[in-house]
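> Read off the chains here:
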Amino acid sequence: MSEQNISEKVFEQIKEKKPKPRWHFLIKDYVIWFLGLISLLLGSLALAVVFYTLINNDWDIYREISNSFLKFIIITLPYFWFTFLALFILAAYYNFKNTKKGYKFPFYKVILLNIFFSLIFGFLFYSLGLAHKVEDSFNRDFPLYNEMFNQRKRIWGQVDRGLMAAFVVAVDDKQIVVEDVDGHNWQILKADNFRCPPLPIVEGDALRILGKKIDSQSFEADCILPLRGMRWMRPPLPDERKIMPMRIIR
Amino acid sequence: MPELKVENLSDQELVDLTLKSQENFLYLMKRYQQPLLFYIKRLSNFDPDQAEDVLQETFIKTYYNLNDFDKSLKFSSWIYRICHNQLIDSYRKTKTRPQNIYSNYNDKVIEGIMVDFNIDREIDKEYLKEKITRIMNILDFKYREVLIFKFFEGKDYKEMSDILKKPMGTVATLISRAKKQFREKLKDSDIKF
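Residue numbers (the working numbering), protein chains in the order written: chain B, 1 to 250; chain H, 251 to 443.
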């Protein structure tokens, strides 16, 4: 075929046919940008949960959980949310690279920019209280997440090791009854060697209780601290919470 | 429209005219059919029919996607990009490995290679052409492509970046590695530097 014929032949093929309309490409571009933005926002949300998890971690009593600070960090890092964050950063990168001018930017610049915006939106989402809502929702609605990926639940469910997270179901002058992360009720007794500052306790409070298991229903506490995070453990609606007379453990 | 006037129009103007009247696309095709055919032949081992099929597909895709042409790019970069993608697709379909590629090296190309690789100027050019062809045949595809862009097509880094859809830094790295591989192959031959 002569070169002349190639152009003529192509022209015959496209004759009477029109190029794809401009809106077709505009929609494609918008979809790519939209998916990129969604990925960025979901990644930021994951980062907000990472902040939430880290801020509410048991830094104050890490020695009770692990004999080394490094080991404590390793066992309490929110790997699930870091994975989530990495996946959405990569998804945002992929979408950005597929925008019209995305190819001009090197990998590390796109990733750094993505992390920068994830940090900004992550802080914003955290400040707006979205992080705890997401974490609570995952714990309440996805039992698999709650069982497999919630390291704090695992740590504070070790009643035999003397670590218990629970919320108060009843409190009076004589006793405190709590429900632990697995739904078991315990009577909390104050140890003679109670070593923590006194804490006002009301029904519905979430607590970290350190001590030792006495029997299948009783736990002797030598320290009671407020539980940060893990709001999913508590009764969901604040208006369901009864205000009971306060009891100070001394 | 008089022929002479059309030939003086820029690619961009011809694209705009094509969107108004299809016949103008013929001028764009005529402008690019030879350079693109050379590019396809230099890069592939396709026989003339296969090469022309790639070119036809390139033109058809260019036409259908004219509304997607980003005016901040050179039209030549855009159409080479489409051709590059079409060539890769054709490779995947035929699963052939490019060998015995087409070589029509003019003296300017040979001069450019001699200067860039500090090759002894006394060497017989025909002999050198044969060596270059042999080396280009065994270079990795990605390296051969950037060398073809640099020495044969005279593309700069920006154009290569737009054609290959890679950052300019990556293009620079590719060229540097391509030259290194080319130089190693050249050393293995009896060419003096």
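It is possible that some hints are incorrect.
Dumping the calculated DMTMM-like pairs for lysine to aspartate or glutamate here, alpha-carbon to alpha-carbon at most 20 Å [as the list claims (entries may be wrong)]:
1) B:Lys101 to H:Asp318
2) B:Lys20 to H:Glu263
3) B:Lys20 to H:Glu372
4) B:Lys18 to H:Asp266
5) H:Lys270 to H:Asp318
6) H:Lys358 to H:Asp339
7) B:Lys213 to B:Asp180
Short, incomplete list of chain H residues facing chain B, as computed with Cβ under 10 Å [said to hold, decoys possible]:
8) Leu264
9) Thr268
10) Gln272
11) Met279
12) Ile310
13) Tyr313
14) Tyr314
15) Leu316
16) Glu409
17) Ser411
18) Leu414
No wet-lab data here; the hints were simulated from the structure. Where a beta carbon is used, it is the ideal one built from N, C-alpha and C, also for glycine.
> Of the hints given before, which are not true for this structure?
3, 6, 8, 16
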